[in-house]
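Trainee: Residue numbers (the numbering used here), protein chains in the order written: chain B, 1 to 300; chain U, 1 to 275.
Each hint should be verified, as a subset may be incorrect.
Claimed, not checked - So these bits of chain B aren't anywhere near chain U, every CB distance computed over 10 Å:
hint, residue
1, Glu11
2, Glu37
3, Leu64
4, Thr112
5, Tyr195
6, Leu200
7, Gly202
8, Ala203
9, Asn204
10, Gly216
11, Phe236
12, Asp237
13, Gly246
14, Thr279
Said to hold, decoys possible - Simulated crosslink set (DSSO-like; lysine-lysine; CA at most 30 Å straight-line):
hint, chain 1, residue 1, chain 2, residue 2
15, U, Lys70, B, Lys72
16, U, Lys57, U, Lys70
17, B, Lys13, U, Lys70
If you're looking for bench data, these hints aren't it; they were derived computationally from the structure. For each residue, glycine too, the CB sits at the ideal point set by N, CA and C.
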Amino acid sequence: MKTGRHSYPGENKWKGLFYLLPALLIYLGFTFIPILETFRASFFDWNGFTEARTFIGFKNYINLFSDPLFLKAISNNLVFIIFYSIIPILIGLMLAAILTGQPIPGFGFFRTVFFLPQVISMVVVGVIWRWMFNPVSGPINQFLSLIGLDHWRQAWLGSFEYALPAVGSIGTWVQYGFCMVLFLAGMQRIPTEYYEAASLDGANGIKQFRHITIPGLKSEIGVAMITTMIAALRVFDLIYSTTRGGPGDSTLVTGFLIYRAAILNNRIGYGAAIATVLTIIILALSLLIRRFMAEEKEPA
Amino acid sequence: MSIRWKRLLPRYLVLIVFMLIVLLPIWGMLMSAFKTDTQIASSPFTLPETLTLENFKQAWTVGKFNIFFKNSVIVTTAVVISSVFLSTLSGYAFGQLPMPGKNLLFPLMLLGYMVPFEAVIIPLYNWMDALGLRNTYLALILPQIGLSVSFGTLWMSTFFENAPRELVDAATIDGCNRWQTLWLILWPLAQPATTTLIVLIFMWTWNEFLLALVMVQTEAMRTLPVGLAFFQGKYTSNLSLMAAGAIIVALPTVLIYVIFQRFFIRGMLGGAIKG
């Protein structure tokens, strides 16, 4: 951003500030200062009501590393990265690989559907999948009975063993269409001559995919990885509307732990420390996106 | 069958399978909204035998979705209009106007786009509580504007930076001041960028859950997603009613998405790429 490039002779150098100010003030008051305040609160022991807050330095952070709840929550977030990020990217790449080459008539319709889970409220997604996973009347168990796999029926979301992968697979359902659309948009940049030349040289489909498609999609894969990872780290609405962290703490995630600790149980400092850790991880990932994009010099 | 179709058919089959996986659960929920619970259990994905809106009527009145809908419309309208207006001004400031400290202010605004709501929710909750502003529209609207203008400023500044320089110069020579240049010359050109911003902020606000969950205690102030979540807790066995509620929550965003698809996908991908 070049300062002053746009000014006309004799124009007030501060003019832009008047246009920026309304947005900036709301942003500072309701986003930026709260971020700083969360950070500050993480160094205190405070219940949110009394005037007295005790400064305890890094104690909230130190405690986190021996806190079984936090460790459980963060490890569940890591499991969610597999379901939200890795599996959808593999499915997206596979679909993109299948669609390499000539255009598919009617593809616009498919794209509309594939993107649909992205626009639906996660609470609605939770309602839909609680029904799908319902142990008695849910379509998934009904389907298993239908194909003779009665012994595979589970109380999916109510089971200590299966609740986490069950909720995780909802994340896969939400994300793979997004990955696919992202990759297909990227593939339009790869010149078809590359594939033609490769075919002439005798490279088969798999080789073409490895040596042309994957390198060509490098930046899209990076973006998909990071946005879906952030989604996996931030997951809250879906947990609230499916399992509320249960059964036990088997689907507890950091977002839900922050809510439970700071809002429901008034452990402000503790919740703020978790929120700060989560924010730092997400910021680091977001900066990685920007690095990826800066390298590629791609028009947005 | 032509050779072309022989090559296309396997691709279509794979596409259709993955499309059905996305579509079937949504389709099933839509169909359930028109059935009774026993019908849902016996044949979840078939078309309803009779077209009755009874479930919707029940959800709308007994389930109080009429109130949640009204709240969502008020909050979303206020957030979208203010955010888009403020973002146009601030984006213009970054993209076109002389301003001190641009290099500092830009990353400052960018931060808000990258942090999760969890980073701000605890102090916001305490402050709104102390000010007695919980259970008000303001508590839902102001923080949402704060986050929205962060993305909006980045989005609009990209447009204004790339706006044709000659046009702006010509307008200035013709005697337009900066305010007039913005609204008379550039604003009409900004329609695609603005449309994308409107649909994205609409979707984010309509679907926002954590903020509304934390700020609102009374049933009368709940927005649709929070209303649905509590409804689910209360009528856990009444699936047909819940399906109708879920459809009421999802329908507006799906409709807007289908109508403005081009803008939506560009914004989502562009937003991700802009980071």
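Trainee: For this structure, which hints from the list above don't hold up?
Mentor: 1, 2, 4, 11, 12, 14, 15 and 17
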